[in-house]
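Dock chain B against chain A, hints included.
Each chain, written out:
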Amino acid sequence: QKEVEQDPGPLSVPEGAIVSLNCTYSNSAFQYFMWYRQYSRKGPELLMYTYSSGNKEDGRFTAQVDKSSKYISLFIRDSQPSDSATYLCAMSARVTGRRALTFGSGTRLQVQP
Amino acid sequence: EPEVTQTPSHQVTQMGQEVILRCVPISNHLYFYWYRQILGQKVEFLVSFYNNEISEKSEIFDDQFSVERPDGSNFTLKIRSTKLEDSAMYFCASIGRASGGVDEQFFGPGTRLTVL
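If you're matching them up, the sequences are chains A and B in order.
The first sequence begins at 1 in this note's numbering and counts up by one.
The second sequence begins at 1001 in this note's numbering and counts up by one.
Next up, chain A with everything else stripped away, as it sits in the complex (with noise of 0.2 Å):
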């Protein structure tokens, strides 16, 4: 089973649709979720993280842990064409960026205006 598992998409929605990314995850070590966002020939670039179970607001962004269920979402309201990009889950085994990220395969988000 691998570490992190996430459905690579492609995802194709109309703007203005709410979107729903997921991942799950198998180390119970992780404790530090993020998402990036990744556009074409680029770096990922840091959207959310968090580091206990429940939501995290921020904009028209959610971030939700299920630390039980080993399932982290990213959810994404009122989308835009300027959201289409590869959203990348990672994890990390201690409550700091420091260590060494483990990401998920990415999921392809295409937003038609």
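These are calculated hints, taken from the structure and not from any lab test.
A portion of the hints provided could be inaccurate.
[Said to hold, decoys possible] With a straight-line cut-off of 27 Å between C-alpha atoms, the simulated DSS-like cross-links for lysine-lysine are: (1) B:K1042 <-> A:K67; (2) B:K1042 <-> B:K1057; (3) A:K56 <-> B:K1042.
[What the hints assert, rightly or not] One-sided excerpt, in silico: chain A residues whose CB lies under 8 Å from chain B: (4) P44; (5) L101; (6) G106.
Backbone N, C-alpha and C fix where the C-beta goes; we use that ideal spot for every residue, glycine too.
Just chain B, lined up with the frame of chain A:
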């Protein structure tokens, strides 16, 4: 806004040749990382570097790889004898403080390495 920079953006080399990938982390950052992403696959951790020594490395980071911070600004990844399977995008990252006081790894744009 400060950013991590990497050179070259694309490197083509022959199998068996040595390559050096260069990174300039954000100034005043102290932790540095290399990751790679083979086309169509996930981003994989290679190595982290702090206080002029390797602090963590993955199984991928074997004796063919080395890292160095030769001066106060550059951070380099050397692959001694490249193999076809080393073809990938290589990302450098450095640690800074995200909002809320948590460390964030800032990634550079990557160097695409093609081994022929």
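Cross-check of the supplied hints:
{"no.": "1", "hint": "B:K1042 <-> A:K67", "verdict": "22 Å, holds"}
{"no.": "2", "hint": "B:K1042 <-> B:K1057", "verdict": "17 Å, holds"}
{"no.": "3", "hint": "A:K56 <-> B:K1042", "verdict": "25 Å, holds"}
{"no.": "4", "hint": "P44", "verdict": "5 Å, holds"}
{"no.": "5", "hint": "L101", "verdict": "6 Å, holds"}
{"no.": "6", "hint": "G106", "verdict": "7 Å, holds"}
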